[in-house]
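S.K.: Protein chains in written order, with the numbering used here: chain D, 192 to 520; chain H, 12 to 342; chain X, 7 to 369.
The set of hints was computed from the structure by calculation and includes no laboratory data. Incorrect hints may have been included.
Here are some chain X residues the structure puts well away from chain D; computed CB gaps all over 10 Å [what the hints assert, rightly or not]:
id	residue
1	L39
2	N48
3	E69
4	A211
5	F257
6	H275
7	G339
From the derived model, a few chain X residues whose C-beta atoms are all more than 10 Å from chain D [unchecked claim]:
id	residue
8	F77
9	L208
10	D256
11	G265
Within a straight-line C-alpha distance of at most 27 Å, the following computed DSS-like cross-link-like pairs (lysine-lysine) qualify [stated by the list, open to error]:
id	chain 1	residue 1	chain 2	residue 2
12	H	K143	D	K461
13	H	K278	H	K17
14	H	K46	D	K461
All C-beta atoms in this analysis are idealised placements derived from N, C-alpha and C, irrespective of residue type, glycine included.
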Amino acid sequence: MKILEAISLKKYFPIRSGVFLQVCGNVKALEKADIKIEQGQTIGVVGESGCGKSTLGKLLLKLYDPTDGKIIYTDKENNSYDITSRISKTVASKFRRDVQMIFQNPFDSLDPRMNIYDIIKEPIAANGMYKNKREMNNYIASLLTGVGLYPEYASRYPHEFSGGQRQRIAIARAMAVMPRLIVCDEPTSALDVSVQSQIINLLKHIQQENRMSLIFISHNLDVVHHMSDRIIVMYLGNIVESCASEELFNNPLHPYTKTLMSCIPAWNPKEKKLGKTITDGEPPSPINPPNGCPFHPRCPVKMDECEKVKPMAYDCGEGHSVSCHLYKK
Amino acid sequence: MTYENKVIDVKNLKTYFRGYDGMIKAVDGISFFLKKGEVLSLVGESGCGKSVTVNTIMGLIKSPPATVSGEIIYNGKNLVGLKQNEFKNIRGNKISMIFQEPMSSFDPLYTIGQQINEIVKTHITSNNEESKKLIIHALKNVNIPEPEKRYNEYPHEMSGGMLQRILIAMALITNPDIIIADEPTTALDVTIQAQVLKLMKELQKQYNSSIIFITHDLGIVSEIADRVHVMYAGKIIEKASVQEIFDHPLHPYTQGLLNSRVKKEYKGRDLPFIEGYVPKPNEFPNGCRFNPRCPFKKDICTSEEPKESLINEEHSVCCWLYKEGENNENS
Amino acid sequence: MNSTGKRIMKSFFRHKLGMIGLVILILMYLMVLMADFISPYNYATTSSGYVNAPPTKIHFFDESGKFRGPFIYALKKSRDPVTYMLSFTEDKSRIVPVKFFVKGDEYSFWGIWKTNIHLFGVEEPSSSAMLLLFGADRFGRDLFSRTMAGSKVSMTVGLIGTFISVVIGAIIGALSGFYGGWIDILLQRFIELLRSFPRIPLWLAFATILPPNWPSTWVYMGIVAVLSLIGWMGIARVVRGMVLSLREKDFVLAAKISGVSGYKIVIKHLIPNTLSYLIVVTTLSIPGMILGESSISFLGLGIKEPMTSWGLLLKQAQSLSALQTTPWLVIPGIFIMLAVLSFNFVGDALRDAVDPYRTVDKL
């Protein structure tokens, strides 16, 4: 069963300047992205900073309105709604219960002036669940135990916790309304290395127990591979490659994906990778993206065509699609 | 090892801050040295004291209010307790630093050229022509395209990777004895990180410079370091050559860190992890500071702090699991 | 109280100047509460025999060196034969003891019950001997009693005025920041317009609107209104800025994702997170209000005689000759200074205390 589907989703952020704030340019954050999320599936989104992965997440959460394209939401009863621009109140309340988010920085995502109880209570109360106080207390206690924290912590404040514990609290808050989809925006990258694995394990467990879907956004290919069924690789606002995660690791096709993989350090001093990688240049600005393929200025196998024509997504079998002229049939 | 080989020798360094609820022992009695022409990596998680250590070496910790004790022997001189104006000659000249955030390391109001010129003027030459030549050469050295043009540009006109390379050029321009790099690639993307690391390694070989490289990423360590010191809660808990650390990690914490890497094989299984959380600097446990998280905890671990025991010539560890209680500080 | 609160308290109590300021302020507000009781005379009681009399000295030993407890000598008036200036000398033959809890002018304490007991004073009627701690003004009124009476106006105008302007400022600022767009642009341009007028002429313009025949209490409310109408703009701007940055915070996004309404986000997340700033700014803007009231009254547009405020009292010390012959008339100025400085110290201490980035002692 589908939960969310986005069809050629596009987001431009206008740049305004001058006295009357005229639009003088656009940050082209996302270009024609297609994405489909099924129940119980994890989609990994990987890419460098500014590639549009966070924008994609926030668009799907309806925190921004898309410039163009369509978002279709399917509720539990399998009714589909177009939620691209205006959402009716009934659909909105269903959507808000079904789709939640976990943020990158747990020091930013918990209100420092609220205690843990109030933080977790907020989404429950906003969605009108558990009006009875005793039931609410029990439910919050069970949520805290579920993420590996003591129920007594409910009366404490966020600053009393370490980064890892805060991220657990954030997970408990997201889980509170029993969502069907959680968008995780770099949920481990602000955490200490020794704590990251704990959080990844917890997320994986929770997802399996509840048959939930995840959109897992990260710059770390290893982590995304571990979490996801499918991986989307993004570069400069474009989806450049999309396939099953095993397939991506065994058979990366797009030159950018290959570059990205070659940059992961080996964790073995005998197999140093430095000096072997050939990645020149830096990602261009999304205000003035290059013509043709967005990766062509850095691409080691650039052809003439790449400068002029933007490649479409070519299907290479088994759901593996690549936006690169090399794979044109 | 002969004394001359050590570019810097830190002995029993302690840096304490006074907090609202008691002393914060950010760095608590660490000893290490840096050899000429090597890359020494200090590895640890947030709050382990690695940044405070190098900031103390750089004289960037104000004392008082902080209390710094121990010795930092550089060039036969103890840097602990040195006055600020005596430090001027050393900081930025003989010991230079590369920071984590390239964006905030530059003043947005001055051009790149002006900012590097400031350093050149204080430490090398006051001749403007000469200085400009020097700077443009230095920029070329770190693969900045069109250095003449970049010389007159402002920091906001450049990307993070470019600024980080300019910071490296700045750090190298005085031909320092020691370069301290504090998480220089953490703020960068992986592809840019690879470029910067490669550049640093090349320049290090070319100049035979000595680098203290701080990071929390063992992957980077494996690429760049010669020797590794692992820090936890204000202490150095394991010292070894990079090959030793990756082949035979001894301290349970080091083992845990190495295991916490997300490997392909783990797909579909739980990742191995270290129990618990990094302790806050004002709540360090008694005895071995890792004991609440350690899977091999013994009785002695909670009561007594383990001393450094030498395993072989290039490997020592602070842990009660190994050769108990021998002190080999003068190795 | 949670531990943030405790940390703030601890750090506040460590701030020495702030503590001194706090003690002074507590004393001053006690003074305001007990003003009628502390002052030996009614603020309007005139005594023709004591026009421009200097502060009375309190003695403990008489001429012969005998201890007699606190007492004053009655004053003898004499006129300088050359300048015709009145001068006062102590009449050593008339000893008037100073007593506690003496009967004097009748007043109604807090407007509740009538009494004539004063904390201290002399038992003789004001025509024969007066205890003038700060001297007397040109109508022979006790300046100490008048300073006490003035404190009621001066110390409360700041509190009430600031409270009103903080409420207006916080609401307008929060609206402007949270909704943004046209509301924001309009409000901001309006604030800029108001702020571009010079302050004192604006006060004067507002103050002249108050009808001259209003009773003093109305005038008082009018001044509070004038001061707070001008004071809210700075606060609104800063609150807007804070709200602008807060509404992009992840915890606000998290609330939005959960379907929390805009109104609840403002009340539960945005305002509490600006609260510590508001407390500090309140403390720091009270002195401005006190000075504002003083300026208006000093210029003769505020509180009218016989009611009084510190600014109005200072008005008497306007001329150079007054300063020369009756220097004690500037004493109310010292009170203004003390109050303003204390509020500033307390505000500074609060600001340092609530700064969350100051976890390590700066010293």
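S.K.: Against each hint, give a clear statement of whether it holds in the structure.
M.R.: To see whether the hints hold, each was checked on the structure:
no., hint, result
1, L39, "holds, 33 Å"
2, N48, "holds, 49 Å"
3, E69, "holds, 68 Å"
4, A211, "holds, 30 Å"
5, F257, "violated, 4 Å"
6, H275, "violated, 5 Å"
7, G339, "holds, 42 Å"
8, F77, "holds, 59 Å"
9, L208, "holds, 27 Å"
10, D256, "violated, 4 Å"
11, G265, "violated, 3 Å"
12, H:K143 x D:K461, "violated, 41 Å"
13, H:K278 x H:K17, "violated, 45 Å"
14, H:K46 x D:K461, "holds, 22 Å"
Of the numbered hints listed earlier, those contradicted by the structure are 5, 6, 10, 11, 12, 13.
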